[in-house]
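The listed protein sequences correspond, in order, to chains A and B.
In terms of the numbering used here, the first sequence has 4 at position 4, counting the first letter as 1, and numbering is strictly consecutive.
In terms of the numbering used here, the second sequence has 1208 at position 208, counting the first letter as 1, and numbering is strictly consecutive.
Any given hint could be a false lead.
[As the list claims (entries may be wrong)] These stretches of chain A come out as covered by chain B in the derived footprint (C-beta under 8 Å, 3 or more residues):
| # | stretch |
| --- | --- |
| 1 | 16-27 |
| 2 | 244-253 |
| 3 | 327-335 |
Because the hints were derived from the structure by calculation, they are not lab data.
None of the values given here were measured: they were computed from a predicted structure.
For each residue, glycine too, the CB sits at the ideal point set by N, CA and C.
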Amino acid sequence: MNAATPLQSDTVLLPERIGELTGLAEFGLAGELLATFIAAFIVGNLMLAMTGVAGPWAKRKITAAFTDRIAVNHLGPGGILIIVADSVRLLSKENIIPENADRPAYDLAPIVIAGSALLGFAVIPMGNGVHLADPEVGLVYVFAVAGIASIGLMMAGYASGNKYSMLGGLRAVAQNIAYEIPLVVTGMSVVLFAGSLRMSEIVAAQSEPLITIAGVAIPAWYALVNPFAFVLFLIANFAEVGRNPFDMPEAPAELIAGYQTEYSSVYFVLVYLGEFLHIFLGGAIITTIFLGGPAGPVLPEIVWFIIKIWAVFLLTQWLRSAIPRVRIDQLIEIGWKGLLVLSFANLFLTAAIVGVIQ
Amino acid sequence: MSTGIEQTPADGETLTEDELEALIGDRAIARDDHMNAPGFVVNPDEVQSVLSDLKERAGYDHLSSVTAQEYEDRYESIYHLKKYADASDEVSVVVPTASDDPVSESAEPVFRTADWHEREAYDLVGIEYADHPDLRRILLPETWQGHPLSKGYDQEKPQVVTLSEHANPLESDHRESGGESDTMFLNIGPHHPATHGVLHVETVLDGETVVDVEPDIGYLHRCEEQMCQQGTYRHQIMPYPDRWDYVSSGLLNEWSYARAIEDLADIEVPEYAQVIRTMGAELCRIASHMLALGTFALDVYGEFTAIFQYTFRDREVVQDILEDLTGQRMMFNYFRVGGVAWDLPEPREEFFEKTRDFLDELPAKVAEYNDMVTSNEIFQTRCIDTGVLEPEVAKDYGCTGPVARGSGVDYDLRRDDPYGYYENLDWDVVTRDGCDNYARVLTRMEEVEESAKIIQQCLDLLEDWPEDDREVQANVPRTLKPDADAETYRAVEAAKGELGIYIRSDGTDKPGRFKIRSPCFSNLQALGEMAEGEYIPDLVASLGSLDIVLGEVDR
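Starting from the given sequences, assemble the full structure and let the hints guide the process.
Written out as structure tokens, the structure reads:
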């Protein structure tokens, strides 16, 4: 490991640090478990807090800025207290469950959707030691758990007993299959550079200087090393998280709200949170494997990490305001005929180049 | 006697009235001329042969409207025919049927558009059409008792229909498509984000492909025709047209009634008022087309996007100008029989400046839309070659307005059947031959620019108009009583197409029959042709590109 990357080379993860700080480490396995639980609680809440800000407030403000409006401005400075008002409103609504709903599946779907995204954050290095686990197969793990969401979408679509939901669920599956392969294959081209699936090593590999201009070292972020893969990954990621121009599973103008049509109250909140968590998870993966992870000058690493994933979030909102939605058949065509071919081309080219250099 | 009967006339050649009489021959049992057109009375069992002769041999290829009414001694269906090539060339076919057994032959095999028009006649008046493929109620619920516009209808009788007697929209879940694959029945609407109001589209899907589309309308039926029949010509009818196409097309709608009644009562409108009318109408057209573009973008983009908001921002400016002019934002009620309510707002310079500012900024805005919307590649892949409406099909369904012009049908009443001040102004009719959703959007956007040209010229005229000659209203008697049994059908080019009014006077100060020919009603019929075989998103986009307003469809 390179000495220039102090955080990642020292493999102290958040649970261990909490164990040491609180003295829980002395209690053996039970203490370790408790420390891990506390660490996971902190990280989970950090992400949930971000979606809490993003969903009811930031998204409205951003969209309003794109569309010449003001959006929420009555409660608190800049309308920020709408978050509180909206939480109360959404949670106090009646949870209407359709007569034809397939009960256990209908109830589980929101939890699967929101939970799968939260699981993904376990392996994301967020800087300043906020990193829950660093398994050898980190990248594969994160793709795998993010992929569970499509089961949740399918469950929601099927179990709601509504045809719009059904169509939305089917679209979600078709779309995720079509786009997960290019996503993973493009992700693999990064692994070829880094030589590891371990998140901390992928981040560490990006901290080396690419070129030095006037004394300022530009780090070898893979977005700069292989911009082609970066763009491919971004596009596949928008399809994966179901945002414009690929928001087929919801497609408000066609399918009302797709798989989430029949969800209300708390369930709706979970589904909605799950969506935002997925956008942030997508942002976190992009940050980690293309944007040098939490690295950045001056500010603390965790701040850089948050800035980067919010930048990706902002990009999704920008697209949402500016780009038309493609049709479902066009979407599948772009996925199988376009992105898949390009991502394999990218993989082989990268492999050849990496082979020549080494 | 031989000319015109044996051979089809060449394009553009028109038959004289004598030749028409010869063409119809002894199938015409009498003449019943209307003020706008010669009328031939034919037997109820010869409707198809007469109409098809008129269509094939005399070139009357546009069945604009079907009016049904009941007299003391008979029912009557009137087929108002026009030519797409020459809108001022009209002929009416009047079909009387007996009071006790009102059965008449359907015109549907000749003109597809007669399907809905005859269903409406059956629904509201009670005439039955033999050979009609699907004679059901169209505006009223299927359980309705009686026909509201017929003589014997008891308005006091309550219409109590229990829910269980209604067709259950969830029941017919499964329908045979005829093919091998399994289909799914889907109710799109009446509450759906993309139906632009309360439209219910019964859709049969094969996967995501649309196999069959059946629009179910009438949710917004407000008895507009009957209300107009109960109002006096002079003042009480004019407020109603604002409520048909209520999205900022008010003045265009008012003009349709104004034109019909001015024709019927032989009123000459002062030129100055005509210029103001022309300007106001074109402002409305811009506002309406802006909204059409915005909502279409909403349908294609799928999210609440910038385009929708931008078009609303720009429409708001027009809306402000219209408010200055009429005192109202939506329900203008600005036209009067014989003119307009009042002159331009004082100070006039301010009004001119505001309107000119808007016109000056418009080209930049249109360029912005072209940048953001029409030149967007995803938008193009979504809109080009989807929702295709061939010109012949468009004519068969009686489509008019931007929908027809987007299919290359060069038909615009402002030019073809001139009224107002349009004749004296310099502007062009926009047509495109794309026949698809994209062509319809571009047609509307170009029409906005043409409207701006018209407004510009009107402003110049109004500014230079001599102060002592600004007459805004003709001298119209306090009570209007047109001659008994005078009938006319007059149409104007509204934002959505040909908006026509048929009025029959019964000698009193209220119309004996008031019939509205709504462009959206005819255009919506073509939805099936455009959407079948395509995907759901294209169905939604096609519906958006038709630019219907349910207030006008259902009346």
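Against the structure, the hints:
1. Evaluation of the coverage hint for the stretch 16-27 of chain A: breached, as 0 residues show C-beta separations to chain B shorter than 8 Å, against a requirement of three.
2. For the stretch 244-253 of chain A, the stated coverage by chain B holds: 6 residues have a C-beta nearer than 8 Å to a C-beta of that chain, and at least 3 were required.
3. Counting residues of the stretch 327-335 of chain A whose beta-carbon sits less than 8 Å from any beta-carbon of chain B gives 4, enough to reach three: the coverage restraint holds.
Checked against the numbered hints given earlier, the structure breaks only hint 1 and satisfies all the rest.
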